[in-house]
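Peer 1: One-letter residues, chain by chain:
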Amino acid sequence: MEVFLQTLVAGILKGGLYALIGIGMTLIMGVMGIINLAHGQMMMVAMYITYVFFHYIGLDPYATLLISMPSLFLLGVFIQMFLLNPLMKVESILPENQVLMTVGIGMVLTEIARFIFTSNYLSVKTSYSTAAIHIGGISFSVALMIAFIFACSLTVGLFVFLIKTDLGRSIRAVSQDGEAAEIMGINAEQIKIVTMGLGAALVAAAGSLLLPIYYLFPDIGGPFTRKAFVITILGGLGSTVGAIFGGVALGLAEAFGATYIGMDFEDMIGLILFLLVLIFIPGGFKRLTKV
Amino acid sequence: MKRAALLVVGALAISLICLGISMAADPIKVGVVLPLTGEQAKFGEIEKNSFLMCLEEINKAGGIKGRPIELLIEDDTGKPDVGRSAVEKLISQDKVVVLSGGYSSSVTYAMCAVAQQRKIPFLVTTGSADKITEQGWDYVFRLNPPVSEYPQALESFMKEVAKTQSVAILHENTLFGQSGSKEFAALCETAGVKVLMKEGYEAGAVDFKPLLVKVKAAKPDMVYMISYIMDAALLMRQSKELEFNPKLFVGGGAGFTLPEFAKNAGDAADDVFSADLWSPKVPYPGAQEYFDNYGKKFGSPTEYHGAEAYASMQVLADVLKRAKDLTPAGVREAMLVTDMKTVFGPVKFIAYGKKKQQNQLPTYLVQWQKGTLETVWPKSVATKPYVYPILPWAEKKK
Numbered sequence: 001m002e003v004f005l006q007t008l009v010a011g012i013l014k015g016g017l018y019a020l021i022g023i024g025m026t027l028i029m030g031v032m033g034i035i036n037l038a039h040g041q042m043m044m045v046a047m048y049i050t051y052v053f054f055h056y057i058g059l060d061p062y063a064t065l066l067i068s069m070p071s072l073f074l075l076g077v078f079i080q081m082f083l084l085n086p087l088m089k090v091e092s093i094l095p096e097n098q099v100l101m102t103v104g105i106g107m108v109l110t111e112i113a114r115f116i117f118t119s120n121y122l123s124v125k126t127s128y129s130t131a132a133i134h135i136g137g138i139s140f141s142v143a144l145m146i147a148f149i150f151a152c153s154l155t156v157g158l159f160v161f162l163i164k165t166d167l168g169r170s171i172r173a174v175s176q177d178g179e180a181a182e183i184m185g186i187n188a189e190q191i192k193i194v195t196m197g198l199g200a201a202l203v204a205a206a207g208s209l210l211l212p213i214y215y216l217f218p219d220i221g222g223p224f225t226r227k228a229f230v231i232t233i234l235g236g237l238g239s240t241v242g243a244i245f246g247g248v249a250l251g252l253a254e255a256f257g258a259t260y261i262g263m264d265f266e267d268m269i270g271l272i273l274f275l276l277v278l279i280f281i282p283g284g285f286k287r288l289t290k291v
Numbered sequence: 001m002k003r004a005a006l007l008v009v010g011a012l013a014i015s016l017i018c019l020g021i022s023m024a025a026d027p028i029k030v031g032v033v034l035p036l037t038g039e040q041a042k043f044g045e046i047e048k049n050s051f052l053m054c055l056e057e058i059n060k061a062g063g064i065k066g067r068p069i070e071l072l073i074e075d076d077t078g079k080p081d082v083g084r085s086a087v088e089k090l091i092s093q094d095k096v097v098v099l100s101g102g103y104s105s106s107v108t109y110a111m112c113a114v115a116q117q118r119k120i121p122f123l124v125t126t127g128s129a130d131k132i133t134e135q136g137w138d139y140v141f142r143l144n145p146p147v148s149e150y151p152q153a154l155e156s157f158m159k160e161v162a163k164t165q166s167v168a169i170l171h172e173n174t175l176f177g178q179s180g181s182k183e184f185a186a187l188c189e190t191a192g193v194k195v196l197m198k199e200g201y202e203a204g205a206v207d208f209k210p211l212l213v214k215v216k217a218a219k220p221d222m223v224y225m226i227s228y229i230m231d232a233a234l235l236m237r238q239s240k241e242l243e244f245n246p247k248l249f250v251g252g253g254a255g256f257t258l259p260e261f262a263k264n265a266g267d268a269a270d271d272v273f274s275a276d277l278w279s280p281k282v283p284y285p286g287a288q289e290y291f292d293n294y295g296k297k298f299g300s301p302t303e304y305h306g307a308e309a310y311a312s313m314q315v316l317a318d319v320l321k322r323a324k325d326l327t328p329a330g331v332r333e334a335m336l337v338t339d340m341k342t343v344f345g346p347v348k349f350i351a352y353g354k355k356k357q358q359n360q361l362p363t364y365l366v367q368w369q370k371g372t373l374e375t376v377w378p379k380s381v382a383t384k385p386y387v388y389p390i391l392p393w394a395e396k397k398k
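Protein sequence lines correspond, in order, to chains C and V.
Going by this note's numbering, the first sequence opens with residue 1, and the numbers climb by one from there.
Going by this note's numbering, the second sequence opens with residue 1, and the numbers climb by one from there.
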């Protein structure tokens, strides 16, 4: 029973972080109609920003959220304005050549990080990195719980923003039907720029929250891009509520798989879940919730 | 990599001019393949530095029969296919007479197959999966002990001091991890120690807790882990978080002996044991000197991987000196009768069990004590007494 509960707790806490990584990608997916394959690499950039501020100034990783999120917002805006938007106007054989562009951006970010920081492993050690609260034999990692709470509040904040504000409504409008939105007088190009920035800022938050419990090196982006992709598909492309379910589902699947099947198959379990969802509920969890 | 090779050539040329040695002497080309980028780059860096340090000393002392040695160092990036093509390039294009290096077991295995096929002697520095010297390959020589022999010292420690009854084995699912865990499980069974579980994991995982919870529930006396640096650091950090208190945490070499492990694991590294192949206190000529010089030159401590690389260079120099003619076949002949002392220990390539052209060496047990790695077993080379039994995490808090 203790093993079961501990696995459940580990899965949900990790799932919260995964959800935050997935939401950014799904938001971009919804508005732009492309999958951002530089997503994990953007997170890596945010992690390096967090590391630098922690290492040289001693700023707490959670405080650097205030720096990493705006910086990544700007990076996202820059990428969309100067690298992705111009591509949309170009006729090409592949309609999704922006996706290829994101792959390239991911590589460039990785190599820049390697150039500046070398391949060394880096980690930040805070007083709470290995701290845990024990309730009835079950341990709750303090850092993961803080990350979980941040992830939840950022998600709630995002929903309020999407539902209550004009800008949020415009984003949803473009996501639902770009052309109709343009007819209604929404500047779709601008909305895309804002959305990319927003998506990047969200994944930046995930990076800053992850760093105290994980570690950092330039190649860390790839695996997380893959995870974000799986989460986006699980949740249903473009569905923010779906991404939360997708993230938690992936976290739980990995945790239970590791405990009851074997940790050598951790990545495989996530991908099997991915295939099952594609086969049986092709629209992802979005179809079940209808949100 | 071309650039690195050019730099080496450049450095060589300059040192030659400084020493006033005749420039006409043609260098003897030796190929070395190491992971210089990618996840294992840290180990590759220590080994490369050590190779070059030893090379400098050899060439300063006049080289081989008046000819300097030239190292052509290639990057395998930790991938077997890249390693393979690096070896192909060194053989076909650079026409090296002998090869060395080889960090990860999977990469080393692939490279040795090429060397054997092309009949160029390959002196393996680190790649330690048992099967590398069990193929009957007569051009492959191995300096370091195979992974199955890493826990020799640990075995006697378990028997004489810890009186361990049960173990849980965790390993990354690579050639190195699988080979090591299989051999260690067999060793435990013959010693009458119960193996409660043997679990693999995928390197680079974020959360080891589900695995650790399972191990914790099995209540083993000892946990034996075969991992590279960052997985090792996370395993220890999360064990601390879960207040998992076996009597012994032991690492099977690799990640557990690097300074980066302690740096990244923080206080969770304290009291962790590891199998080790070397310590500056070993009674071999030049060992302490190598350790001190490395620290002075590069500003960070070296460990067994570096000693392996330094010793490989010593062996290569000795072999090239003795070789009747500088052809691959001639070098192989000379390598066969090697009998010398290096900083890493005596080197002699012998056949035993299923293995061929394998060097045999004793191993050690080390322990992290307040951020420094101390050799604790066998007692004859111990730098500090061992801390055993270790305190549970909850009582360690200062």
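The reader is advised that the hints may include incorrect statements.
Said to hold, decoys possible - Between beta-carbon pairs, the in silico distance windows are:
hint: 1; chain 1: C; residue 1: ILE112; chain 2: V; residue 2: GLN93; range: 28 to 36 Å
hint: 2; chain 1: C; residue 1: MET1; chain 2: V; residue 2: GLU289; range: 56 to 64 Å
hint: 3; chain 1: V; residue 1: GLY136; chain 2: C; residue 2: PHE115; range: 25 to 33 Å
To be verified - Taking lysine-lysine pairs in the BS3-like style, the calculated list, with each CA pair at most 30 Å apart, reads:
hint: 4; chain 1: C; residue 1: LYS125; chain 2: V; residue 2: LYS65
hint: 5; chain 1: C; residue 1: LYS125; chain 2: V; residue 2: LYS370
hint: 6; chain 1: V; residue 1: LYS296; chain 2: C; residue 2: LYS125
hint: 7; chain 1: V; residue 1: LYS29; chain 2: C; residue 2: LYS125
hint: 8; chain 1: C; residue 1: LYS125; chain 2: V; residue 2: LYS384
hint: 9; chain 1: C; residue 1: LYS125; chain 2: V; residue 2: LYS321
hint: 10; chain 1: V; residue 1: LYS29; chain 2: V; residue 2: LYS159
hint: 11; chain 1: V; residue 1: LYS29; chain 2: V; residue 2: LYS370
hint: 12; chain 1: V; residue 1: LYS396; chain 2: C; residue 2: LYS125
hint: 13; chain 1: V; residue 1: LYS384; chain 2: V; residue 2: LYS297
No lab work stands behind these hints: they were computed from the structure.
By construction, the Cβ of each residue, glycine as well, lies at the ideal position given by its N, Cα and C atoms.
Peer 1: If you check the beta carbons of ILE112/C and GLN93/V, does the distance land in 28 to 36 Å?
Peer 2: Given range 28 to 36 Å: holds, Cβ gap about 31 Å.
Peer 1: Assess, step by step, whether the Cα of LYS125/C is no farther than 30 Å from the Cα of LYS384/V, and give holds or violated.
Peer 2: holds (27 Å)
Peer 1: Between LYS29/V and LYS159/V, is the straight-line Cα distance small enough, at 30 Å or below?
Peer 2: violated (48 Å)
Peer 1: Is 25 to 33 Å a correct range for the gap between the Cβ atoms of GLY136/V and PHE115/C?
Peer 2: 45 Å Cβ-Cβ, so the 25 to 33 Å window is violated.
Peer 1: Starting from LYS125/C, check that the Cα of LYS370/V is at most 30 Å away, please.
Peer 2: Given pair LYS125/C, LYS370/V holds - Cα atoms ~16 Å apart, limit 30 Å.
Peer 1: For the range 56 to 64 Å, tell me whether the beta carbons of MET1/C and GLU289/V fit it or not.
Peer 2: Since the Cβ atoms of MET1/C and GLU289/V sit about 58 Å apart, the hinted range of 56 to 64 Å holds.
Peer 1: Given the hinted pair LYS29/V and LYS125/C, is their Cα-Cα distance within 30 Å?
Peer 2: Measuring from Cα to Cα gives roughly 45 Å; hence the hint is violated.
Peer 1: Holds or violated: LYS125/C with LYS65/V, Cα cutoff 30 Å?
Peer 2: With Cα atoms ~53 Å apart, LYS125/C and LYS65/V exceed 30 Å; violated.
Peer 1: Below or equal to 30 Å on CA atoms is what counts here, so check LYS29/V against LYS370/V.
Peer 2: Given pair LYS29/V, LYS370/V is violated - Cα atoms ~44 Å apart, limit 30 Å.
Peer 1: Compare the distance between the alpha carbons of LYS296/V and LYS125/C with 30 Å, and conclude whether the hinted pair is satisfied.
Peer 2: holds (28 Å)
Peer 1: Do the alpha carbons of LYS125/C and LYS321/V lie within 30 Å of each other, as the hint requires?
Peer 2: violated (50 Å)
Peer 1: Hey, LYS384/V versus LYS297/V, does the alpha-carbon distance stay inside 30 Å?
Peer 2: holds (26 Å)
In this structure, the hints that do not hold are numbers 3, 4, 7, 9, 10, 11, in rising order.
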